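Student: Chain residues, written in single-letter form:
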Amino acid sequence: QVQLQESGPGLVTPSETLSLTCTVSGGSMSRFYWSWVRQPPGKGLEWIGYMYYSGSTNYNPSLKSRVTISIDTSKNQFSLKLTSMTAADTAVYYCARESSELFEGYYFDYWGQGTLVTVSS
Amino acid sequence: IQMTQSPSSLSASVGDRVTITCRASQSISRFLNWYQQKPGKAPKLLIYAASSLQSGVPSRFSGSGSGTDFTLTISNLQPEDFATYYCQQSYTTPQRTFGQGTKVEIK
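From first to last, the protein sequence lines stand for chains S and H.
If you're matching positions, the first sequence starts at 1 in the working numbering and goes up one per residue.
If you're matching positions, the second sequence starts at 1 in the working numbering and goes up one per residue.
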């Protein structure tokens, strides 16, 4: 059974950089897209971006200038860096695996439990 | 592409048949997924590609639609089904867009 687990600080100072890591267990990282999704308290889901196992990336245009996603398949981990954090970035951050099937699109089939990141001084 | 769900919330009773609608601002073929999220938990994939049931999901969940209009139907609503449901499109790769969510509450 594939499992994902986020790790990182729960509190970030305004203007600083958030760094989160997602550790994948129970399966290979090959042939999947590895994504980050966030959810501000009481609000909906926002896709941040993904990295394909081979290293290609794509980011939400609204966050692109501040986001970097990286992957270390030897450690079965991928990471998120989000710079210039503000209170508006306070959210639960989820890592997720995205699968794709020909003619069936892409879908998030495994998720981490999520980690709350609060931006405050 | 904008995804609009309706209603934003609804009240229903155990045993009811519930239908949630998701409308895309332009055609997304059948590249539409549905997720269930319970408070404090991660979203869970229910339906992918508009109508394919994810492994392990009860058959009372079903999806339909293509183009711009999609529905998620829960037949015989169970107590564990009270949650928030999100649609998500994957047509405009690489972008991913979620609907705003529909909260299903107990009447």
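Among the hints, a few may not be true.
[Stated by the list, open to error] Computed list of lysine-lysine pairs in PhoX-like fashion (alpha-carbon distance at most 20 Å, straight line):
id, chain 1, residue 1, chain 2, residue 2
1, H, 44, H, 103
2, S, 81, H, 38
3, S, 75, H, 44
4, H, 38, H, 107
5, H, 107, S, 75
6, H, 38, H, 103
7, S, 64, S, 75
8, H, 107, H, 44
9, H, 103, S, 75
Derived from the structure by calculation, the hints contain no laboratory data.
Source: prediction; values computed, not measured.
Student: Please go over all the hints and tell whether each is borne out by the structure.
Tutor: Right, here's what the structure says about each hint:
{"no.": "1", "hint": "H/44 / H/103", "verdict": "15 Å, holds"}
{"no.": "2", "hint": "S/81 / H/38", "verdict": "27 Å, violated"}
{"no.": "3", "hint": "S/75 / H/44", "verdict": "26 Å, violated"}
{"no.": "4", "hint": "H/38 / H/107", "verdict": "17 Å, holds"}
{"no.": "5", "hint": "H/107 / S/75", "verdict": "48 Å, violated"}
{"no.": "6", "hint": "H/38 / H/103", "verdict": "10 Å, holds"}
{"no.": "7", "hint": "S/64 / S/75", "verdict": "26 Å, violated"}
{"no.": "8", "hint": "H/107 / H/44", "verdict": "23 Å, violated"}
{"no.": "9", "hint": "H/103 / S/75", "verdict": "38 Å, violated"}
Hint violations for this structure: numbers 2, 3, 5, 7, 8 and 9, all remaining hints satisfied.
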